[in-house]
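Engineer: For the protein sequence lines, the chains are A and B, in the order given.
So the first sequence is numbered by my numbering: it starts at -9 and just counts up by one.
So the second sequence is numbered by my numbering: it starts at 2 and just counts up by one.
Some hints could be false.
Stated by the list, open to error - Not close to chain A: a few residues of chain B, all C-beta gaps over 12 Å, as computed:
1. Asp29
2. Gln196
3. Asn197
4. Arg225
5. Gln270
6. Asp302
7. Ala350
8. Glu356
9. Asp358
10. Glu375
11. Asn382
As the list claims (entries may be wrong) - Derived list of chain A stretches under chain B, where covered just means 3 residues or more per stretch with a C-beta under 8 Å from a C-beta of chain B:
12. 72 to 78
13. 136 to 144
Simulated from the structure, these hints should not be mistaken for laboratory data.
It should be emphasised that the depicted structure is a prediction, and the values quoted were computed from it without experimental measurement.
Idealized CB from N, CA, C, for every residue including glycine.
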Amino acid sequence: MNAPTPALPDLRPDLARIAVMVAPGTRVLDVGCGDGALLAFLKATKDVDARGLELSQEGVNACVSRGLSVIQGDADSDLADYPSGIFDYVILSQTIQATRKPSRVLKEILRIGRRAIVSFPNFGFWKVRLQLLLSGRMPVTGQLTQSWHETNNIHLCTLADFVDLALSLELKIEEAVAIHDSGRMHGFKAPDALENLFATNAILLLSR
Amino acid sequence: MAEIADSDIEGQGPLPPWHMGEVSFGPDRPLSLDSGGLLAPFTIAYNTYGTLDARRRNAVLICHALSGDQHVANRHPLTGRPGWWELMVGPGKPIDTERFFVICANVIGGCLGSTGPKEENPATGRPYGLDFPLITIRDMVRAQAMLLDHLGIEELMCVAGGSMGGMQVLQWAASYPARVYAALPIATAAKHSAQNIAFHEVGRQAIMADPDWRGGAYLLENTRPRKGLAVARMAAHITYLSEAALQRKFGRNLQNRAAFSFEFKPDFQVESYLHHQGQTFVERFDANSYLYITRAMDYFDLAADYDGLLANAFKGSRTRFCVVSFTSDWLFPTTESKRIVHALNATGANVSFVEFDSDKGHDAFLLHEPEMFETLRGFMNRIASERGVRESAR
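Using the sequences and the accompanying hints, generate a full structural model.
Structural biologist: Below, the structure written as C-alpha cells:
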C-alpha cells in the first residue's frame, strides 16, 4: 500500500506563478512558508526536495502534518544557520517587507541558495500613490489591508526601489513578473517605470 | 523525568493492553561497552503496548529519561502512579497504542529490572555496587538494539524521547540510521553542558556524602543513602522547573502555618514540595543507579565520536527528524536543539524543528501541552501513512 496522495487545493495564483519558475527535481527553501501550500505543491508536482522556515505555530503544525520539513524560526535571525549554497532556490513570498533588515535577508537567501524568488507588494502602484496624495494618509488597499500601526509590513518598497536594491547587491534579475489589479500577470524586463505604476505585486527571480 | 504535581495527568481514558517483558542475554552474547569491557550476562526489562503489525512497520521505541523507566503508559507497579507519558502514549493519544506497537526498555544501569548496580554480580554472587562498569548513552542504545533484534524488529517507525531519552534518540539515529525511519528528540542536546554536569556532580556528591552510602556497598550492609539521594533529587528537580512555574505554584506561600516558625522546619510550600519529591524518589530509585546514569549523561557528546563535527553523525541520513524544545527550558535550552537542527541542515537531512511556548521549564515535555500534542500527532500520523500503517479502528 502506498501512502495516499493528498489532494492539492488550488494554489493562490501568485504562488502558482512562483511554482512555474522552479525547475523540477531541485532543492527549495520557502522562507515564511505559512501552511506549506506552495511547498506541498512543488513536492507533489515537481519532485522538489522541499524545506520551509515559518514563524507561526499554526503554520508549522500544518506543515508537519503534511509531511514537510519545516523549521520554526524567522527570516531575520535564523537564515544564518543554513550552510552556503545548499538550495537551488530560496523563495521569499510576501515576506521581505515584514523583515527588519531586508537587505541582509536578501543577501542571506542568495548565500544559501543559487537563486532566489522574491515576491512583494508594490508600493508604487498608482492607487497607493493616489491614496497618499489625496488623503494624506498611509494607504490601505486590497494588498495592504492593515493600518500603519497594525501592519507587519515595516519595510514597504516600490518595485523600482527593490530593483535598485537588487542591483546594488550585484544580483541578476533573471525573470520579472508583474501582477496587475485584474489578476493578470505578465513578464517584463526590470526596471520598468510603467510596471512600477501598474503592478500591485511583483515576482522576481534573482541570481548571484 | 520528574513526578508531576499537576493533577491533570490522571485518568485520560482506558489504559492500553500492555505487556511486561524481560530478556536475558547469556555469556555468549555480551554487551560491549564504550569503557572497553563487556557486560555479561545481562537482562533488559521492557514494556510493550499495542500490537506489532504483520509487516512490522509500526514499531515505536520510547527512550526514558534519567529517573524514568519502562512504565510509560501503565500504572507503576511500585508507586501506583500513572505511567510517566500517558498524556502522549495510549489509545487515541499522539503516539497511539491502537495503531502503533510501542516499546520502552529500562536502560542498562537502571534499577527496574534491567541489569544495573543493584543486580547480582555473577562473579561474586553479591550486588554489583561500584563494581558495575561505567556505562554510556551509546551502551544503552546498543543494548536496546539487541532487544529489538530479539523481538525481530529490523526497522523502527520512530524513536522518541525527552531529555536523556532524547540523547538516546540522537544516538540511535547516528549509530543505526537504517533502522530509524523517524526520530523525535525532545528537550535534549547533542552533548551535556558544563552547567548540567555541574548539577549532576552536586547530586552525586550528596549521595556519596551520606554515611549510609557505605562506599556504594549499602545493599550488603542493609542500609540506604536515603538522605543523600533525596537531596540529589531535590537539587535536580529545581532544574526541571522554571522560575515562573515555581512562582505560580508556590510563590512565597507558607505550608500549613500563618507565620514563620523561626526554626529550620519547612516553612515554605516550595520546601515542602521539594522534600516530597525527594522522599517519593528514594522509594523507587537506587542511589548507585543514579550515579551511573548521571555519569552516562555527562559523558554524552555525540560530535566527539565524529571528529568533533556533529553534522558527520548524521551524514547521509534518510531519517525524518522532528526536533522539539520549550521556551522556558533552561536545562536543555532551545539553543541546544538549534545546534542539532543546524547540523542536520548541514547534511541535508529531513528535519523539522518546533519550539513550544511554555513556562513550565524542562518538564514541559511530560506535561499537558496541547500545541505539542497537536504537532506530534500530525508528525506521527504522517510518518505512519508514509509507511502504510493502517489507521486506528476508533
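Engineer: All hints, please: hold or fail.
Structural biologist: Right, here's what the structure says about each hint:
For Asp29(B), the condition that its CB be more than 12 Å from all CB atoms of chain A holds, with the nearest at approximately 40 Å. For Gln196(B), the non-interface assignment is confirmed: its Cβ lies about 23 Å from the closest Cβ of chain A, beyond the 12 Å cut-off. The non-interface label for Asn197(B) is consistent with chain A: the shortest C-beta to C-beta separation is roughly 23 Å, beyond 12 Å. Every Cβ of chain A is farther than 12 Å from the Cβ of Arg225(B); the closest lies at roughly 45 Å, confirming the non-interface assignment.
Consistency note on Gln270(B): stated as away from chain A, and its beta-carbon is indeed over 12 Å from all of that chain's, at 33 Å minimum. With a least beta-carbon separation of about 20 Å from chain A, Asp302(B) lies farther than 12 Å from that chain, consistent with its non-interface assignment. For Ala350(B), the shortest C-beta to C-beta distance to chain A comes to about 8 Å, within the 12 Å cut-off, and the non-interface label is violated. Interface exclusion of Glu356(B) from chain A breaks down, the closest Cβ pair being 5 Å apart, not more than 12 Å.
Interface exclusion of Asp358(B) from chain A breaks down, the closest Cβ pair being 8 Å apart, not more than 12 Å. With a minimum CB-CB distance of about 6 Å to chain A, Glu375(B) fails to clear the 12 Å threshold, and the non-interface call is violated. Listed as a non-interface residue, Asn382(B) fails to keep its Cβ farther than 12 Å from every Cβ of chain A; the least gap is roughly 7 Å. For the segment 72 to 78 of chain A, the stated coverage by chain B is satisfied: 3 residues place a CB nearer than 8 Å to a CB of that chain, which reaches the threshold of 3.
Here's how the segment 136 to 144 of chain A fares: 0 of its residues keep a CB closer than 8 Å to some CB of chain B, so the rule of at least three is not met and the hint is violated.
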